[in-house]
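Hey, can you work out the whole structure from these sequences and the hints?
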Amino acid sequence: MDYTVVIAGEAGQGLQTIGGILSKVFARSSFHVFTHQDYMSRIRGGHNFYQIRFSDKPVSSSKSRIDLLVALNRESIEIHKDRLTEYGMVVYDASYVKKTYQGDEFLDVPFESISRELTGSSLMSNTVATASVLGMLGMDLNIYEGIIKESFKKKGEDIIKKNIDASRAGYDYAIKKCLKCRFSVPSGVGRPGLLINGNQAIGLGAIASGCKFYSAYPMTPSTGVMIYIASKAKEYGIVVEQAEDEISAINMALGASFAGVRAMTGTSGGGFALMVEGLSLAGMTETPIVIAEVQRPGPATGLPTRTEQADLLFLLYAGHGEFPRVVFAPGSPEQAFYLTNRAFELAEKYQIPVLILSDQYLADSQWSYEGFDLSEISFTDYRLRGREFQALKQYKRHLLTEDGISPMAVPGEGEHVVVTDSDEHDEDGHIIEDAETRVKMVNKRLKAKMESIRQEISPPLYYGDERAEIVLVGWGSMYGILKETVDVLSSKYPISMMHFSQIYPFPSIKEHDFMERLKMAQKAICIEQNATGQFARYLRSETGFDFDLKINKYDGRPFMLDELIGQIEEII
Amino acid sequence: MSLDRELYKGQTPAWCPGCGNFSILETLKEALSELQIRPHQVTLVSGIGQAGKLPHYMRCNTFNGLHGRTLPVATGIKLANHEMLVIAVAGDGDCYGEGGNHLIHAIRRNINVKLFVHNNQIYGLTKGQSSPTSLQGMVSKTQPFGSLSEPLNPLAMAVALDCSFVARGYAADREYLKYLMKEAINHRGFALLDILQPCVTFNKINTYQWYAERIYRLDDSYNNTDRKLAFETALQWGDRIPTGIIFRNNKAVFEEKIPVLKERPLKNNFNPPEDLQTLLKEFY
Ligand SMILES: Cc1ncc(C[n+]2csc(CCOP(=O)(O)OP(=O)(O)O)c2C)c(N)n1
Ligand SMILES: [Mg+2]
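As they're listed, the protein sequences go chains H and D.
Its first residue numbered 14, the first sequence is counted upward by one per residue in the numbering used here.
Its first residue numbered 2, the second sequence is counted upward by one per residue in the numbering used here.
Because the hints were derived from the structure by calculation, they are not lab data.
Take these hints with a grain of salt, some might be off.
[Claimed, not checked] Facing chain D, a subset of chain H residues (Cβ under 7 Å, in silico):
#1 208
#2 221
#3 249
#4 250
#5 257
#6 271
#7 273
#8 290
#9 424
#10 435
All values derive from a computational prediction rather than experimental measurement.
Backbone N, C-alpha and C fix where the C-beta goes; we use that ideal spot for every residue, glycine too.
And the structure:
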């Protein structure tokens, strides 16, 4: 069983609510769920859709074909009807879209009039629609009823009752009328799963890592991280500040970090461009900071609500001057959760900026999991506080040390002063210009740390045939689609995936011989969502390895599973 | 009892002899010692410029950041540790030009940060280009036809924005400057103290003599809580230039409105939450 449900309509019609609830019902019914969103940069009108795939086997990408389309307007039917599978169905409200469609695949459910009859208003139309989908699929209604009770708890019994009445009516109507429905959904086995998207996973990872300060300027598709953390700020003792611009956002976070708390900022490419001087400041002052860059297609404003992986080289090299950094590119919400924790640990341990590179596809895609292993989350306080700081005879913020790591004290917690400077400085943190100190400081800040940082970086994840002739290489949000592609194609070819989520510093080849696998493969294909093959270029610059095959997509939309499989089979 | 001023002793300044910055530096040390604020209890945040070097010439916690970005860093520090006195030290180019936007928003927030501006009406460090406060017509190598734009009036702007503390001092009037610094530090809320500072090397117009002829202290009868009067006073510039506390407005302070900061400074809460399970549960 492997179904794709698409809810389509205009912005403002509530398709996100319907999609959000249905995916939750599927996850709670213990199915594997993967969702992605396609929306326009507008508040009302246009055409948006929410795509849900659910299955009794793991899923981690979307397909082009639709099994059940919930069409909230006429345009949605026109746009998506050719995507229907053989027994695919469309559910819609003929009186609302003012057209009746003939054919076995159309089911007219009067969402609005059912809502009106039962509750006196059309407000419950989406409840009717949601429940009718569950009816068509032949699933139980009780999980949905549970969700209604939870989400309207604050609104009172009356609202709950109206919603439940509306849902039952929509459900019964669909069961009665959908004689052509051939869906067969087994009753769930296993445990209900959690459902989380990339932005939430970064936010959750930050809170779990003890992030106490988040300053940002809203920018799609990164805003979800800020919204999630802000929603937990009060409970978890976090200060979230909306800065006047991204320059301020990063500088505030650096101030907070200097003063003794774990701090983070987040943005998309354009905002990150504004932060670049601040990134360099973090490098010079050795102030820990975590930055989430959630990509959208550029250049400039680009396609604000769509996806691309074209900021990789920008992130690797952003910032004037030379300083150490780490760049992670999680491939799934799960990886985003653990890597955000790793980002904080490394930022604090080495007193460096750590960048988390995500994109709209990952940000807005939900994945289901049985759970996250919280014992995997680590926390070490690398700061010098209280008594330990007071006990020092003297203190130098930028003390020259063997490993390049100087003691990082919290200002005010001891009598010593903490001084740092964006100018080149001496051990005390005071401005200098002499050549000798300059060289010592570069060696400490950059060279001494760089090799140890590289040791912290894990090799790429290898999945599939150990002696694969075809190796699919990708990074960041390509993980899910590549993994499923390997699953599908492995019955036909000796194929595997090599996925990079710890991007920079490049994982040590001396220690992990992953490059051997690429060299042995007859066909290594680098698959990226950008026009110029930035990762392929980066890998070549680090290893000398040249990909002869590349697949690049830069239309702002994520790969569909069948689409990518088709493209791969064409070139191998 | 004042603290020993030796406590604040830092590096030897590399400013030009006669620079107005020397008296600002000494006055700041005096103000801190009289207020008994020890070096580790204050953080100076500066940007880039001759003014931005001040923290190196004394001893206290220091974040000497980027040109124009003093206020965001100061805001971050204050939010992470609101028990710390945070003073931003900036040049006129630094905070009225490069970082102008941050000033507007620091005033709006009313964060309890003090901003001391060394206003020499010129870019000192980069050797004499006109600044946002340079008088119209001031000729420099980058403005051969003279500064064409009108000068910014930072105090009128601050009053217009209902800034909670607006004052002007003069580097050479040290007693009064000390008083203004202490008032600014003791004020609860954002405080802008614009300090007229002669630049002996590059500003040949606004010299010690030029200022001496024009500057006067607001007298005791001046009502600095009257915003209209304050605006009028802030607009005075030319033959007579007022110094003193031009406007004062005791309104709610930003940090105090953040529930998380009620009990203790954020930095004291550095540990990660113990109960993550509750957070995770919401995703099921
Ligand atoms: C981003 C950036 N732009 C430009 C500069 C060069 N710069 C340094 S200080 C300065 C102006 C200094 O004027 P002001 O802030 O008035 O300080 P002063 O030296 O007069 O005290 C400039 C343009 C810089 N350091 N950084
Ligand atoms: Mg100046």
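Quick rundown of the hints versus the structure:
1. 208: holds (6 Å)
2. 221: Constraint on residue 221 of chain H satisfied, holds at 5 Å.
3. 249: The hint holds - residue 249 of chain H has a Cβ within 7 Å of chain D, the shortest such distance being about 5 Å.
4. 250: holds (5 Å)
5. 257: Constraint on residue 257 of chain H satisfied, holds at 4 Å.
6. 271: Holds, because the Cβ-Cβ distance from residue 271 of chain H to chain D comes to roughly 5 Å (cut-off 7 Å).
7. 273: holds (4 Å)
8. 290: OK, holds: residue 290 of chain H within 7 Å of chain D, min 6 Å.
9. 424: Residue 424 of chain H check passes; min Cβ-Cβ to chain D is 4 Å, inside 7 Å.
10. 435: holds (5 Å)
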